[in-house]
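Participant: Line by line, the protein sequences give chains E and G. So the first sequence is numbered by the working numbering: it starts at 1 and just counts up by one. So the second sequence is numbered by the working numbering: it starts at 1 and just counts up by one.
Accuracy of the hints is not assured; some may be wrong.
To be verified - Heads up, simulated SDA-like pairs for lysine to any residue below, C-alpha to C-alpha not over 20 Å straight-line:
#1 K47(E) to L30(E)
#2 K103(E) to K103(G)
#3 K103(G) to C123(E)
#4 K103(G) to E92(E)
#5 K103(G) to K47(E)
#6 K103(G) to T122(E)
#7 K47(G) to E16(G)
#8 K103(E) to E90(G)
#9 K47(G) to N6(G)
#10 K103(G) to D89(E)
#11 K47(E) to T59(G)
Stated by the list, open to error - For each label pair, taking beta carbons as the anchor points, the in silico distance ranges come out as:
#12 A5(G) to H68(E): 47 to 53 Å
#13 I49(G) to T12(E): 34 to 40 Å
#14 R125(E) to R15(G): 41 to 47 Å
#15 Q87(G) to H68(E): 32 to 38 Å
#16 E16(E) to A37(G): 39 to 45 Å
None of these hints come from the bench; they were simulated from the model. Ideal Cβ placement from N, Cα and C applies to all residues, glycine included.
Number of protein chains: 2
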Amino acid sequence: MTLTANQQYVLTALREASNPLSAYALLEQLRKPGFSAPAQVYRALDKLIEHGLAYRLETLNAYVACSHQSHCERNLMAFAICDTCGQADEFEVNDGDLRHWAKSHAFDLERTVIEIRGRCATCARHRNKGAMS
Amino acid sequence: MTLTANQQYVLTALREASNPLSAYALLEQLRKPGFSAPAQVYRALDKLIEHGLAYRLETLNAYVACSHQSHCERNLMAFAICDTCGQADEFEVNDGDLRHWAKSHAFDLERTVIEIRGRCATCARHRNKGAMS
DNA sequence: CGAGATTTGTTATAAAATAACAGTTTAGAT
DNA sequence: ATCTAAACTGTTATTTTATAACAAATCTCG
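Put together the whole structure using the sequences plus the hints.
Facilitator: Right under this line is the structure:
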C-alpha cells in the first residue's frame, strides 16, 4: 500500500502532532508543501482512514494518526479524549456487547464509534490541586 | 423540570420524527411556530440534551428524542444507525470495559459516545433480496 | 415589587465538509 | 514502449453545521 505525496504529508503531520488536528489546521500547516484548499486535505484523510492509518474523532471534528506502527490491526478501537488538554488516547476495547446487540437485532454492523470524554490523569490531577487552594 | 415553549416545540418535533433531524431541518419545520434562526434551535437542543430528553448523534450531526417516556434513566446509551434508511435505534449497553479502562488510567470520565453504523434488519433484508435478482 | 438569572430574537460570522470539473499522474495490459 | 482506465490533483464555488454577540423580554422567588 503506497501513499501518494499528499497522503504522506497529511499522515506525517498527524503523526508529529501531539493532539488531534482539524482538517483546516492541517491545511494551514501544509500550505508550504503546496496545499491550498480543503478538498486536498479531506481527500488525503479519506484515504488514510480507509487504510486504517488515521481516524476521525467524531466528537471533535478532528483527525489523528493510528497509534500502531504501519498497518493497523483493525480491532475495535476507542478513544479517550481529554476536554482540558485535548489529547486523545487510542485503546482497544471488547465489543462483545455491541456485536451481540447487532446479531440479535439482525443489524449488519459496519463501523463502530466509541469515544469517551472527560479529563486525562494529568489534567484531573492539576484540577484537584487547583480546587485545594 | 418545566420546558419553555421553544424547548417543547423542538422536543415534539423530534418525537414525531421517524428519523434523526438536523438542527436546520428542525428550523425549517419550526418556522410556522415562529422560529427564524439557528441559534433558537441550538439553544433548545442544548437544554434538552442537558436534561436527558434528547441526544446528539455525533456521526450524523443530527438529533433524536430520548426513547424513554419522560425522564431518561441516564444509563449508558448507544445508538445503531442505519446507513440506508437513516433510522437510529437507542439501546442500553454495558460499559464495564470503558469504565475499567478509565479507572485504570485515572481518566475522569464524563461522557460516553457509542454509535454503530451499518444496515438495520429491514434494509439488510431488502438488499439481500435485491442481490438475488 | 424588584434584582438576578434565564430565555429570546436577531444579525453576523466562523468552522467543517462537499460538489463539480478539467488536467495530471500512475499502474497495468498489450 | 504505448495505450487505457483508474486514481489523484488543483481549483473555485457552495453547502452544511455551529457560535458569537447583544439588547429586549420574561421568568423566579425572596
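Participant: Does each hint fit the structure? Answer for all of them.
Facilitator: Here's how the hints hold up against the structure:
Distance hint between K47(E) and L30(E) is fulfilled; the C-alpha atoms sit about 17 Å from each other, no more than 20 Å. Annotation: proposed proximity of K103(E) to K103(G) is violated, straight-line Cα distance about 29 Å (limit 20 Å). Simply put, K103(G) and C123(E) have alpha-carbon atoms about 15 Å apart, close enough for the 20 Å limit, and the pair holds. In summary, the hint linking K103(G) to E92(E) is supported, as the alpha carbons are separated by about 15 Å, within the 20 Å threshold.
At roughly 34 Å between alpha-carbon atoms, K103(G) and K47(E) are farther apart than 20 Å, so this suggested pair is violated. For the proposed pair K103(G) and T122(E), the alpha carbon gap of about 14 Å is at most 20 Å, so the pair holds. With a C-alpha separation of about 19 Å, the suggested pairing of K47(G) with E16(G) holds against the 20 Å cut-off. The straight-line distance between the Cα atoms of K103(E) and E90(G) is roughly 15 Å, inside the 20 Å bound, and the hint therefore holds.
At roughly 10 Å between alpha-carbon atoms, K47(G) and N6(G) fall within 20 Å of each other, so this suggested pair holds. Taken as a hint, the K103(G) and D89(E) pair is honoured in the structure, with Cα atoms around 14 Å apart against an allowance of 20 Å. For the proposed pair K47(E) and T59(G), the alpha carbon gap of about 18 Å is at most 20 Å, so the pair holds. For the hinted restraint 47 to 53 Å between A5(G) and H68(E), the CB-CB distance of approximately 51 Å keeps it satisfied.
The hinted window of 34 to 40 Å between I49(G) and T12(E) holds, with their beta carbons roughly 37 Å apart. The hint said 41 to 47 Å for the Cβ distance between R125(E) and R15(G), and at roughly 42 Å that hint holds. Range check, Q87(G) to H68(E): about 34 Å between beta-carbon atoms, so the 32 to 38 Å window is met. Evaluation of the 39 to 45 Å hint for E16(E) and A37(G) yields a pass: the beta carbon distance comes to about 41 Å.
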